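S.K.: Each chain, written out:
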Amino acid sequence: MAQSRLQKVMLALILPLAVVSVWQYAGSQPNMAGIVPTPLAVVLGWQSWIWGHAGLGLNPYLGTWVANVSYSSSRVLEGFVCATLIGVPLGLMLGWSRLAAQLVDPMIQGLRPIPITAWLPFSIALFGIRDVGSIFLIFLGGFYAIVVNTTQGARDVEKNLVRAALMMGVNSRQLLWRVVLPSAMPNIFTGLRVGLGISWTAVIVSEMVAVKSGLGYVLWDAYYVGRMDIVLADMVSIGLMGFLSDSLIVLLEGRVLRWRFLQNH
Amino acid sequence: MSKIDILGLDKTYATQPPVVALKGVDLTVHSGEFVALLGPSGCGKSTLLNMIAGFEQPSLGELLVNDLPVHEPGPERGVVFQEAALFPWLSVWDNVVFGPQVQGVAKSVYEPRAKEMLKIMGLSAFESSLPVQLSGGMRQRVGIARVLTMGSKILLMDEPFGALDAQTRLSMQELLLSVWQQLKPTVVFVTHDIDEALFLADTVYVMSSRPGRIQARLEVPFERPRQLELTTSSAFNQMKLDILKQMRH
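These protein sequence lines map, in sequence, to chains A and B.
According to this note's numbering, the residues represented by the first sequence are 18 to 282, in order.
According to this note's numbering, the residues represented by the second sequence are 753 to 1001, in order.
In case anyone wonders, no lab produced these hints; they're calculated from the structure.
If you're wondering where the values come from, they're calculated on a predicted model, not measured in any experiment.
Every residue, glycine too, gets a C-beta built ideally from N, C-alpha and C.
Don't take each hint at face value.
What the hints assert, rightly or not - Computed footprint of chain B on chain A, listed as stretches where at least three residues anywhere in the stretch have a Cβ under 8 Å from a Cβ of chain B:
1) 123 to 134
2) 166 to 180
What the hints assert, rightly or not - Label-pair restraints from in silico Cβ distances:
3) 36/A - 917/B: 53 to 63 Å
4) 142/A - 770/B: 50 to 60 Å
5) 188/A - 821/B: 50 to 60 Å
6) 974/B - 121/A: 34 to 44 Å
7) 268/A - 859/B: 41 to 51 Å
8) 980/B - 121/A: 25 to 35 Å
9) 821/B - 268/A: 31 to 41 Å
10) 770/B - 268/A: 48 to 58 Å
11) 22/A - 984/B: 57 to 67 Å
12) 122/A - 821/B: 31 to 41 Å
13) 920/B - 106/A: 38 to 48 Å
14) 770/B - 188/A: 30 to 40 Å
15) 281/A - 859/B: 29 to 39 Å
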């Protein structure tokens, strides 16, 4: 039976509304003070975080939201772009050339099980408390997902498409860029989306420890000074940014993979 | 000039135990001739075609195209695949001009030719469509248009109409004949359909399996241009009966 749009929206809202109600009730209990701020308190705290005018320094969060969001976003962007620029060509090579795979794949597979969080101390030792350390972790997190998926995509190229291209006289460079790359595109986008998710995890973790700005830094700092309203507003902000950046990739995917979309519908 | 000479050709796959796909194949295709390789699945007819295309190498024997041994695939031997093998991310137009583009042919040279071939194939209205938006028969027409646009003198066709419904297959056969009549390429056409082989070809090679070899060579005497009505004539049926006997043998 066809559902109206309104019905769908209503259904989707039931659980969130229930959670917010319970939250509002729990947050207003006296013994919860300082642990769980009410949703209203979070909204107010968030509001001043975004629009408040920096005062005499008693409240370090006034009006710093945009700056912190852009610190974190630009780190994710830099690390993620590096991961893409290195991961995609490398993945194509690994999927396409047996020699390259034999040379590089064992190294990647050997390092991949080390969680990016485990790299934190070493990364700080190496780069210090600077942007670079954070960007390195973001790069690493995105890189594995992108390279592994791209390799798979390049390996799965249909044999007859390669034969058709050879029959039409492609050289090996043209084969890689004009046949293997577009053919691996669906896998590459899977890698990009997974990698971007990991990149956001990486930026938050690294900012908590390795830099002194950004949403991850504020998250930990606010916890230390007991500003749980900012902690929660920060969490929602991170989720929002993750969702928005993923939507951008989905949008791009829809354009690049129109052929694929038509195939499946 | 575009002839194919095959002499004492063997193909063995080095599996355990080794599989002999083709044994002692002799075959000559003259310039402009339409040859059909007819046989059941597993008789090595596609393997033979793949070797002429340069996708696979013979284990033994000689395979010459225009007196030169074949080492690799190339645009002078255009292949039409069973499932068309179009690039699904490219439009019909981009698929058809892919060959000349990668070969660095000037746009002013390939563009009019591609337009003409798309027109002959009845695809002019579909230049900007994606392969997935076309029917199986139309995809196959794009596959033919792209090798014609390259100007391949030899067409290697691997059961190109095998996956089409009966109606579409007949109209594709007629279309192929009219194109062949106009451009006179050399054609090697692999099929397991006796009617198709007899209707299209000048010469039919009947193949048998295990190991794959050529069992009989038949010249098809029917006059050209051929119409579909031919396939219901008694002479046609008599030849069909002869081939059936050969294949049962």
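S.K.: Each hint: holds or not?
M.R.: Right, here's what the structure says about each hint:
{"no.": "1", "hint": "123 to 134", "verdict": "violated (count 0)"}
{"no.": "2", "hint": "166 to 180", "verdict": "holds (count 4)"}
{"no.": "3", "hint": "36/A - 917/B: 53 to 63 Å", "verdict": "holds, 56 Å"}
{"no.": "4", "hint": "142/A - 770/B: 50 to 60 Å", "verdict": "holds, 59 Å"}
{"no.": "5", "hint": "188/A - 821/B: 50 to 60 Å", "verdict": "violated, 21 Å"}
{"no.": "6", "hint": "974/B - 121/A: 34 to 44 Å", "verdict": "violated, 60 Å"}
{"no.": "7", "hint": "268/A - 859/B: 41 to 51 Å", "verdict": "violated, 32 Å"}
{"no.": "8", "hint": "980/B - 121/A: 25 to 35 Å", "verdict": "violated, 58 Å"}
{"no.": "9", "hint": "821/B - 268/A: 31 to 41 Å", "verdict": "violated, 52 Å"}
{"no.": "10", "hint": "770/B - 268/A: 48 to 58 Å", "verdict": "holds, 53 Å"}
{"no.": "11", "hint": "22/A - 984/B: 57 to 67 Å", "verdict": "holds, 59 Å"}
{"no.": "12", "hint": "122/A - 821/B: 31 to 41 Å", "verdict": "holds, 36 Å"}
{"no.": "13", "hint": "920/B - 106/A: 38 to 48 Å", "verdict": "holds, 42 Å"}
{"no.": "14", "hint": "770/B - 188/A: 30 to 40 Å", "verdict": "holds, 34 Å"}
{"no.": "15", "hint": "281/A - 859/B: 29 to 39 Å", "verdict": "holds, 34 Å"}
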